[in-house]
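S.K.: Protein chains in written order, with this note's numbering: chain A, 287 to 549; chain B, 287 to 549.
In case anyone wonders, no lab produced these hints; they're calculated from the structure.
Any given hint might turn out to be false.
Claimed, not checked - When the alpha-carbon atoms are kept at most 30 Å apart in a straight line, the in silico BS3-like pairs for lysine-lysine are as follows: (1) Lys-303(B) - Lys-290(A); (2) Lys-303(A) - Lys-290(B); (3) Lys-290(B) - Lys-290(A); (4) Lys-303(B) - Lys-535(A); (5) Lys-322(A) - Lys-322(B); (6) Lys-397(A) - Lys-397(B); (7) Lys-331(B) - Lys-517(B); (8) Lys-517(B) - Lys-485(B); (9) Lys-290(A) - Lys-535(B); (10) Lys-303(A) - Lys-535(B); (11) Lys-303(A) - Lys-303(B).
2 protein chains.
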Amino acid sequence: ENLKYRHQLEQANSELKTNLAVLEQDHQAGLQVQMKMLPVSPMQKSAYIFHHQIVPSVYLSGDFVEYVTVGPDHVVFFMADVSGHGASSAFVTVLMKNLTARMRSDYNRQKDDDILHPAEFLVHANDELLGTGIGKHATIFYAVLDTQNNRLTYSVAGALPVPILIANGEARYLEGQGAPVGLFEETNYQEIVVDLPDKFRIMMFSDGILEVLEQESLAKKEAFLLSEAPKMKADIESVFNGFNVDEDKQYPDDIALLIVDKV
Amino acid sequence: ENLKYRHQLEQANSELKTNLAVLEQDHQAGLQVQMKMLPVSPMQKSAYIFHHQIVPSVYLSGDFVEYVTVGPDHVVFFMADVSGHGASSAFVTVLMKNLTARMRSDYNRQKDDDILHPAEFLVHANDELLGTGIGKHATIFYAVLDTQNNRLTYSVAGALPVPILIANGEARYLEGQGAPVGLFEETNYQEIVVDLPDKFRIMMFSDGILEVLEQESLAKKEAFLLSEAPKMKADIESVFNGFNVDEDKQYPDDIALLIVDKV
Chain A
287 ENLKYRHQLE
297 QANSELKTNL
307 AVLEQDHQAG
317 LQVQMKMLPV
327 SPMQKSAYIF
337 HHQIVPSVYL
347 SGDFVEYVTV
357 GPDHVVFFMA
367 DVSGHGASSA
377 FVTVLMKNLT
387 ARMRSDYNRQ
397 KDDDILHPAE
407 FLVHANDELL
417 GTGIGKHATI
427 FYAVLDTQNN
437 RLTYSVAGAL
447 PVPILIANGE
457 ARYLEGQGAP
467 VGLFEETNYQ
477 EIVVDLPDKF
487 RIMMFSDGIL
497 EVLEQESLAK
507 KEAFLLSEAP
517 KMKADIESVF
527 NGFNVDEDKQ
537 YPDDIALLIV
547 DKV
Chain B
287 ENLKYRHQLE
297 QANSELKTNL
307 AVLEQDHQAG
317 LQVQMKMLPV
327 SPMQKSAYIF
337 HHQIVPSVYL
347 SGDFVEYVTV
357 GPDHVVFFMA
367 DVSGHGASSA
377 FVTVLMKNLT
387 ARMRSDYNRQ
397 KDDDILHPAE
407 FLVHANDELL
417 GTGIGKHATI
427 FYAVLDTQNN
437 RLTYSVAGAL
447 PVPILIANGE
457 ARYLEGQGAP
467 VGLFEETNYQ
477 EIVVDLPDKF
487 RIMMFSDGIL
497 EVLEQESLAK
507 KEAFLLSEAP
517 KMKADIESVF
527 NGFNVDEDKQ
537 YPDDIALLIV
547 DKV
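Isolated chain A (complex conformation) (with noise of 0.2 Å):
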């Protein structure tokens, strides 16, 4: 009877060894492709240097960041988090991805530059999503940045929280505010300039962060970030150590960071 037992046991046990080992070979061929996807970090382009790391939730990630140069002066940035997690999140990043390049390639044969207009790309990333009709929405934190003039133009689609401007030891979260896109047909983002000081840290997280920090409200979780964020170390594993984010660990939610640094 025993033996019966652990015959029955050893075999469910193989099967789904089987079936996991299947899945997980599938989400290993995707989180590749995502992974190619993604910007290499870190970027330096004068005097600036752009660098990131992606924490994925359950192997494929509902985050993703972009940073590419435009022309001779300018560089976009972005993040976005796309609403849930996984697979069906990670569809999105590849529709962002594809956004981006063909946006990018229409300014350089010279056709459109809404490229280097963050409310412009948040309305194209609104269609794309609604036009799919995937159901899926995702927040995003569109900036340019003027290298030759270090000034930034920026919009806000719901991303939270917002970035972080770090300069001369004192932090300060970036204003502005607007829909995320994919959930309404008709949407306009402002578009925000900021000045930046000669030497600065932008410091950029997705949500996932604020699952990770104990604080028990999102307000005091929110200045632990900028309280915080200046003692951090330029590098990418010293902010994660300083919040406690393990990067080998499995998050309920996808973690990114993506941070810009003049030097």
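Since chain A is already given, all that's left is putting chain B on it; use the hints.
M.R.: Frame of chain A; chain B shown alone:
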């Protein structure tokens, strides 16, 4: 000793089940998003009926079909078969859906009518796949049906088998060839125009069907498809039954079927 082993087995079993459940849930959510992207089957447009079915290999599909009316007199339909399968290939199906939606929108806003030109669509698809840099290619059969003149204009991008045209009890493969999209920077595709018979059926399979057929060579499999096709009844189920495709089974590759009937 035996008891300890049994306990270990039970423990392992439970953990495997949990991990599997997480991945399966993720896949299911992804599959739901994919299903949302497919056209409603059947779709009727004047005397033409479009229907399809996809049997995905590992939950997420690398096969994709679309049919959509464009303006008053045209239906665009295509089948895409992305290299590989699973999550990474499913990413590309989202791009294909998005491209179609965008080009249809351009048509409706009278921006351009590329969607009615198979060769133009394929060039766009090629650019997108290369631009996104995800290292995937796809075979596509893309066709524009002029319902006013009962005329088909199509291009073949590596599709195998090519669609079968059945009329008056006789079947033939449509002519044409071309490279898959996503492989080469420079591509151009030949457009072929066919005046259609008054009553006809077009039957189109993704290459997953070839692995199900028992004939020992590609030529024999294709000959078998051609000889059996005219005998099949109008519905998807009969066709799958006729070729021994069990919709509940997991095959090594996705199997897609798209049928266009003029009655």
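S.K.: For each hint, tell me whether it holds in the structure or not.
M.R.: Each hint, compared with the structure:
| no. | hint | result |
| --- | --- | --- |
| 1 | Lys-303(B) - Lys-290(A) | holds (21 Å) |
| 2 | Lys-303(A) - Lys-290(B) | holds (21 Å) |
| 3 | Lys-290(B) - Lys-290(A) | holds (16 Å) |
| 4 | Lys-303(B) - Lys-535(A) | holds (19 Å) |
| 5 | Lys-322(A) - Lys-322(B) | holds (26 Å) |
| 6 | Lys-397(A) - Lys-397(B) | holds (13 Å) |
| 7 | Lys-331(B) - Lys-517(B) | holds (25 Å) |
| 8 | Lys-517(B) - Lys-485(B) | holds (15 Å) |
| 9 | Lys-290(A) - Lys-535(B) | holds (29 Å) |
| 10 | Lys-303(A) - Lys-535(B) | holds (19 Å) |
| 11 | Lys-303(A) - Lys-303(B) | holds (9 Å) |
Comparing the model with each earlier hint shows no violations; every hint is respected.
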